[in-house]
Amino acid sequence: MHYYLIKRFVFLVLTIIAASALAYFMLHAVPGETAENVARHTLVGIEDAVSEQMKAEISSKYNLNDPIWVQYTNWLSALLFSGNLGSSYVYKDTSVLTLISLALGPTIILATASMLIVIIVGIPLGMYCAVHENSTSDLIIRATTIFSISFPSFWLALMLILVFSLELDWLPVAGYGTPANLVLPAVALALHPTAVVIRIVRTSMLETLGQQYITFAIAKGLSWSHILWNHAIKNALIPVLTLLGVYFGHLLAGTVIIENIFAWPGIGNLLIKSVDARDIPVVTSCIVVIVAMFLIVNFFVDLSYHFIDPRIRYE
Amino acid sequence: MSEEIVISPKTRRMLPAKSMHDSNNRLYREIAKRPGFQVCLVLLGLLIIVAIFAPYISPYDPEAISVRDKNQGISSAHLFGTDFLGRDLFSLTLCGAQTSLLIASVSVAIALAFGCVVGCIAGYYGGVVDEILSRCVDLLLAFPGIIFALALLAFMGAGILNLIIAITISQWAIYARLMRGQVISIKNLEYVQSAYTAGLPDRRIMIRHLFPNAIMPVLILATLDIGHVILSVAGLSFLGLGIPPGIPEWGSMIGAGKEFLRTAPLNVIVPGLAITFVVLIFNFLGEGLRDILDVHKDQVNIG
Amino acid sequence: MTLLSVQDLNVRFPSGEGTVHASRDVSFSMEPGEVLGLVGETGSGKSVIGQAIIRLLPTSAQITGKIRFDGQELTSLPDHTMHALRGRSISLVPQNPSGSLDPLVRNGMQIAEIFIERGTVKNTAWEKACALLVAVGLIPSDQIAKEYPHELSGGMRQRLTTSIAIAEHSRLIIADEPTKGLDYHARATTAQVLSDIRTRENASLLLITHDLYLAEHLCDWIAVLYAGEIVEIGPAHQIFTQPRHPYTQALIKAMPKNGLVPLDGQSPSLMAIPKGCCFADRCSCHSEICSKEHPGLIQGSLNGGVRCHHPFCS
Chain D
1 MHYYLIKRFV FLVLTIIAAS ALAYFMLHAV PGETAENVAR HTLVGIEDAV
51 SEQMKAEISS KYNLNDPIWV QYTNWLSALL FSGNLGSSYV YKDTSVLTLI
101 SLALGPTIIL ATASMLIVII VGIPLGMYCA VHENSTSDLI IRATTIFSIS
151 FPSFWLALML ILVFSLELDW LPVAGYGTPA NLVLPAVALA LHPTAVVIRI
201 VRTSMLETLG QQYITFAIAK GLSWSHILWN HAIKNALIPV LTLLGVYFGH
251 LLAGTVIIEN IFAWPGIGNL LIKSVDARDI PVVTSCIVVI VAMFLIVNFF
301 VDLSYHFIDP RIRYE
Chain H
1 MSEEIVISPK TRRMLPAKSM HDSNNRLYRE IAKRPGFQVC LVLLGLLIIV
51 AIFAPYISPY DPEAISVRDK NQGISSAHLF GTDFLGRDLF SLTLCGAQTS
101 LLIASVSVAI ALAFGCVVGC IAGYYGGVVD EILSRCVDLL LAFPGIIFAL
151 ALLAFMGAGI LNLIIAITIS QWAIYARLMR GQVISIKNLE YVQSAYTAGL
201 PDRRIMIRHL FPNAIMPVLI LATLDIGHVI LSVAGLSFLG LGIPPGIPEW
251 GSMIGAGKEF LRTAPLNVIV PGLAITFVVL IFNFLGEGLR DILDVHKDQV
301 NIG
Chain B
1 MTLLSVQDLN VRFPSGEGTV HASRDVSFSM EPGEVLGLVG ETGSGKSVIG
51 QAIIRLLPTS AQITGKIRFD GQELTSLPDH TMHALRGRSI SLVPQNPSGS
101 LDPLVRNGMQ IAEIFIERGT VKNTAWEKAC ALLVAVGLIP SDQIAKEYPH
151 ELSGGMRQRL TTSIAIAEHS RLIIADEPTK GLDYHARATT AQVLSDIRTR
201 ENASLLLITH DLYLAEHLCD WIAVLYAGEI VEIGPAHQIF TQPRHPYTQA
251 LIKAMPKNGL VPLDGQSPSL MAIPKGCCFA DRCSCHSEIC SKEHPGLIQG
301 SLNGGVRCHH PFCS
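Chains as they are written, first to last, in my numbering: chain D, 1 to 315; chain H, 1 to 303; chain B, 1 to 314.
Only chain D is shown next, with the shape it has when bound in the complex:
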């Protein structure tokens, strides 16, 4: 068991590093581009032309002519050994690390709130639909989920703003600071994953209810509520659990757009702003942070699977 834990942890770390390498390479692949970019931020204005001489100056100053893997290794060692992610091009006196640590909190709050909505709304509704298969409520809920999966989440966010902020004035349009600010973004972000979770919980529950051990439990004379709570729900939720990790990833990716709409000062917002401003060090770091969060959550989900399903425990 411990061997497995260590193995998975090492794998996690290696994947994060590999992903960071991939992201770094993607964003720094053309040294000329990078030099030009830096020049635009530091020497001249964003729109101005950059001379070859300036590019050469920058390249030698920041070692941009080194092979890409050397640059990457330098970046990685700076990160691991001195916690230094470089400086932002845009916010010239601020380290990337500071920017990220400021943005991390809001994103975690938003992601957690949305995930809670997904779990608290999605799982019970899915179970309800399965137990009342083909009833009117089941059909209505299923129809709603197919629609929900088809709306673009950013459009839904705007529609929510239109109705609840602009027309009804119940909630603020954007911003950060009060619980009221959290409601619309969390709901907009949670909509897709919740709809998907309702469907997969329903399918899983139906499949579980068709299993022979449920029929045998009835033959044993156990009451329906005992069967539901002690046999059906646990078995049905196991495949859902692993998928929750994947949907957390979609949630994270979704923060990119939702934070942008609601001016929520999280990592997603920082990422988009940096992409617009071509602030490459920040972009790189944001992407690595998002990937790392995704992989870490999945790591814990995988681990929990081991505790929950006894068939896997002893492998």
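Any given hint could turn out to be false.
Think about it this way: if two alpha-carbon atoms lie no more than 27 Å apart in a straight line, the pair counts; the simulated DSS-like pairs of lysine-lysine are [stated by the list, open to error]: (1) B/Lys128 - B/Lys146; (2) H/Lys70 - H/Lys258; (3) H/Lys33 - D/Lys273; (4) B/Lys275 - B/Lys292; (5) B/Lys146 - D/Lys234; (6) B/Lys122 - D/Lys234; (7) B/Lys257 - B/Lys275; (8) D/Lys234 - B/Lys128; (9) B/Lys275 - B/Lys180; (10) D/Lys61 - D/Lys92.
Rather than coming from a laboratory, the hints here were simulated on the basis of the structure.
Fair warning: this is a prediction, and the values are worked out from it, not measured in the lab.
Given chain D's structure and the hints, the job is docking chains H and B onto it.
Same frame as chain D, but now just chains H and B:
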């Protein structure tokens, strides 16, 4: 012939067991039983026609700016109203269909082809080849949702070709993984083993035997994925990273129109409904396909 | 007083392709403490009869006929009354023990939950469960009780489900294919367990099986099923020494100890029951009347009966 009686767990009904080999006849029969699915197929056909002929059937030139007519509501002159620059929203919507469907179908097609080949090779050969390919797939899948495409576009800049490339690269990994799983579960079946023992070349086994049988779930995924890709493209364009300005695209229309959310909500509502409608069709199609192909697979023998 | 009386039981399953007539005019009765074997090949509809008695058939099933248990007519009982009988008066040993055990529940709890749900304190329930494990030979019972089903072999799982069936000292135990898929040793152990149950519990045992060895050793009476109907019924020793129906004769000849002589052909589709005798096309004695007229069950002088125009033929 001795009748094997089986129970379908979903409906708890007894059905005579069918042979496991799909035939086209059965496919037609299943489709004939589902009028909802037929409606979706018709709508899909209409959608494709609209996408192809959009510029010709649009009542107005989608790029025709007319500041005088800006932000008008629905009228007989403008079926969906006009946007904040006076452009006809109906024409913009039709041309946006062309853009979205083009990008989505090309990206998914290429990603599907590439992913299936990689998945098939990884699943069939196993060993080191499988390890390497699977690690590549895992690496790509470590980037959730549109993050990878975002990074690529941040670097490459906006543009239709870049968008197609970015989406293709972020999508193929899922197909590869699914295909690999399918191939692994099929390759140990008897008829594949006999082909192998008979000495057929690997490529022939893969193309003739593995591919056709493994591909079904992957195709279902691809159908559902087109909807998903349309949403991603819209999202990226909304952020200004996907389509360059000047080409009508529903996401960028929403992005540009959002500042008029209160005053002229049609700017935002119309393209959003268009996206929803199209994605809905693909979602129904995907679900319908899954239903058709799945119905006789999970039966339990009671003998 | 007769414990179980099944009369003219018909079970039909409507499907898109036609109606599957799985059980046709099945009638038999059981006394307390008796072992009746329902014997037949796959597709003969024997499992359906067991499921019909405990009322666990799929909802699409159409059942006609009478099933009287302990004075009550089961087919018309309200759901909750029927459910009160399950696990208590009537128990089932299911056909597929591996699929019938919840993989997330410990072995001991699979048994104990029956007691716990009815109000017993957990410790007592656990002790009772361990005692039952001992009764079916699953020892050391404490250890096995703490393990999970996937850690047991097929034969051990079979014994576990059997122990569940005797937990409440049921009057009627329906054992559905208890030796299916078991190796020789597990088969013998299971036979022994069932035999012990019979002696100890004084329960009636409805043994549904295609395993003639098991039937020969355990059963007092045997009903032979073919294509959904009973073709012969009688005392066990008579069935094996003086089989009257040609199908029964063929079954016995096919036993390994009798030479493993196979029977050609296949049983008819239950969606398209042929006119006349169902066995006619495979019967070496068949004559013109066999194809035209469906034989009724002729009562023999020694009790039991046979459904054939030419019994004792060949």
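Now for the hints, and whether the structure bears them out:
1. Our distance criterion of 27 Å between C-alpha atoms is met by B/Lys128 and B/Lys146, whose separation comes to about 14 Å.
2. In summary, the hint linking H/Lys70 to H/Lys258 is supported, as the alpha carbons are separated by about 15 Å, within the 27 Å threshold.
3. Between H/Lys33 and D/Lys273 the CA atoms are separated by roughly 51 Å; this puts the pair beyond 27 Å, and the hint is violated.
4. Distance restraint check for B/Lys275 and B/Lys292: the Cα-Cα separation of roughly 6 Å lies within the 27 Å cut-off, and the hinted pair is therefore satisfied.
5. Pair hint B/Lys146 plus D/Lys234 holds up; C-alpha atoms about 19 Å apart against a cutoff of 27 Å.
6. Between the alpha carbons of B/Lys122 and D/Lys234 the distance comes to roughly 20 Å, so the proposed pair stays at or under 27 Å and holds.
7. Of the pairs offered as hints, the one joining B/Lys257 and B/Lys275 is violated, with about 35 Å between alpha carbons and a cut-off of 27 Å exceeded.
8. For the proposed pair D/Lys234 and B/Lys128, the alpha carbon gap of about 25 Å is at most 27 Å, so the pair holds.
9. Pair hint B/Lys275 plus B/Lys180 does not hold up; C-alpha atoms about 32 Å apart against a cutoff of 27 Å.
10. Between the alpha carbons of D/Lys61 and D/Lys92 the distance comes to roughly 17 Å, so the proposed pair stays at or under 27 Å and holds.
Of the numbered hints given earlier, the model fails hints 3, 7, 9; all others are met.
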